[in-house]
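Visitor: Next come the chains, spelled out residue by residue.
Number of protein chains: 2
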Amino acid sequence: MNEEKYISKSVIRRMSLYYRYLDTLLEKQIYSVTSETMASQTKLTASQIRQDLSTFGRFGRVGSGYDVKELQDRLADILGMNQGYTAAVIGLGHLGSMLVYSFPFEKYGIRVTELYDIDPKLVGTKIADLPVYSIEELPRQWNECPVDIAVLACPKSAAADIVPLLTDAKVKGIWNFTNANLHEKDGGPTVENIHLFDSLFTLCCQMNCRDL
Amino acid sequence: MNEEKYISKSVIRRMSLYYRYLDTLLEKQIYSVTSETMASQTKLTASQIRQDLSTFGRFGRVGSGYDVKELQDRLADILGMNQGYTAAVIGLGHLGSMLVYSFPFEKYGIRVTELYDIDPKLVGTKIADLPVYSIEELPRQWNECPVDIAVLACPKSAAADIVPLLTDAKVKGIWNFTNANLHEKDGGPTVENIHLFDSLFTLCCQMNCRDL
Chain A
396 MNEEKYISKS
406 VIRRMSLYYR
416 YLDTLLEKQI
426 YSVTSETMAS
436 QTKLTASQIR
446 QDLSTFGRFG
456 RVGSGYDVKE
466 LQDRLADILG
476 MNQGYTAAVI
486 GLGHLGSMLV
496 YSFPFEKYGI
506 RVTELYDIDP
516 KLVGTKIADL
526 PVYSIEELPR
536 QWNECPVDIA
546 VLACPKSAAA
556 DIVPLLTDAK
566 VKGIWNFTNA
576 NLHEKDGGPT
586 VENIHLFDSL
596 FTLCCQMNCR
606 DL
Chain B
396 MNEEKYISKS
406 VIRRMSLYYR
416 YLDTLLEKQI
426 YSVTSETMAS
436 QTKLTASQIR
446 QDLSTFGRFG
456 RVGSGYDVKE
466 LQDRLADILG
476 MNQGYTAAVI
486 GLGHLGSMLV
496 YSFPFEKYGI
506 RVTELYDIDP
516 KLVGTKIADL
526 PVYSIEELPR
536 QWNECPVDIA
546 VLACPKSAAA
556 DIVPLLTDAK
566 VKGIWNFTNA
576 NLHEKDGGPT
586 VENIHLFDSL
596 FTLCCQMNCR
606 DL
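Quick note, the sequences are listed as chains A and B, same order.
Per this note's numbering, the first sequence starts with residue 396, numbered consecutively.
Per this note's numbering, the second sequence starts with residue 396, numbered consecutively.
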């Protein structure tokens, strides 16, 4: 499936949006949808949607639209949900704990296998049935049993020390919640930064501009 | 300051990135920085940075670079940190609670004044010293004392009922953490969606493409 090899981030974001939209249809037990309906709900154009989806195979029939289940299954493939990826959450403060307890990793095919922190009160315990290791144990642990995704929820100040450990341990991806700006390096892990700060101030700056 | 009226989202994101980068300099007690140093740390070009910043006034001197404190103050202005915005967190599950307890709203000039939930065990109590109201009380509450930003951390299924309340109450901005896709409407609040799902699967899809 080499056609998947060069998907731009903006196409990926739309695929993800389509997936979420199809979820809402399935919740309402709607099993067929046209590109026109998808367009009106996602604020994209029907031709944009058809073009995006046609890149990944033939879906839908003229007149009757897309089979919601079939299309969602294919999107799950493209988004990597069926790869059996494993993940570890690093940093068990408010943010890390929130992710462990409430983010539906499992529903989307990602298995969280372990947690890391530096707090001696947490290390050696279990949280949500998952073992908590000291960050110092990570190299040995991942040498025996590698993990695909590091969910980085530690303080920014700790990120500089932890990222080299992750890179040495050949993690495939870092989902970075710290304020630190992580950049991808050749041969290093894929990085996705999620900066709550940037998001909030994109909102405030736009509000501010409207007020002027 | 009408020049601020039409800032694109990509420029805002860069302003926000500059602000965060300057924070790291101040932590290290560095008070002067050149566009070249900023460029090497942010993976942008020095000319891009100079161009972005020149839009908002004259900063820096040839040779000696930018005054970190002065530049950060100006960025705070542009990003809306000095507007005295107030916020309410709606939905006090794991995500909403995490934001209340650990997101540094105050540090960035935003004052959280109140919280909303539907759980009768929470309504009427205080969390982190903030009063928790029932969502039904919101119209009356905001009629007396409007709030600028609604931080939407409720389940997706509740968003459809809550968003009209917010719009009627003339909220200026919605920071949307639900899986629901909220769109801006003419005259309605500014919306910033933060979809953890999209972010995680942008990562997984890229990892998947590299593996192929």
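There may be inaccurate statements among the hints.
Intra- or inter-copy, both count: the list cannot distinguish identical chains.
[As the list claims (entries may be wrong)] Straight line, CA to CA, 30 Å or less: simulated DSS-like cross-link-like pairs of lysine-lysine:
1) Lys404 to Lys551
2) Lys438 to Lys404
3) Lys516 to Lys580
4) Lys521 to Lys404
Because the hints were derived from the structure by calculation, they are not lab data.
Since the structure is predicted, the reported quantities are computational estimates derived from the model, not experimental observations.
Visitor: Evaluate each hint against the coordinates.
Guide: Status of each hint after checking the structure:
1. Lys404 to Lys551: both (25 Å within a copy, 25 Å between copies)
2. Lys438 to Lys404: both (18 Å within a copy, 17 Å between copies)
3. Lys516 to Lys580: neither (35 Å within a copy, 49 Å between copies)
4. Lys521 to Lys404: neither (36 Å within a copy, 42 Å between copies)
This entry does not satisfy hints 3, 4, going by the numbered hints stated previously.
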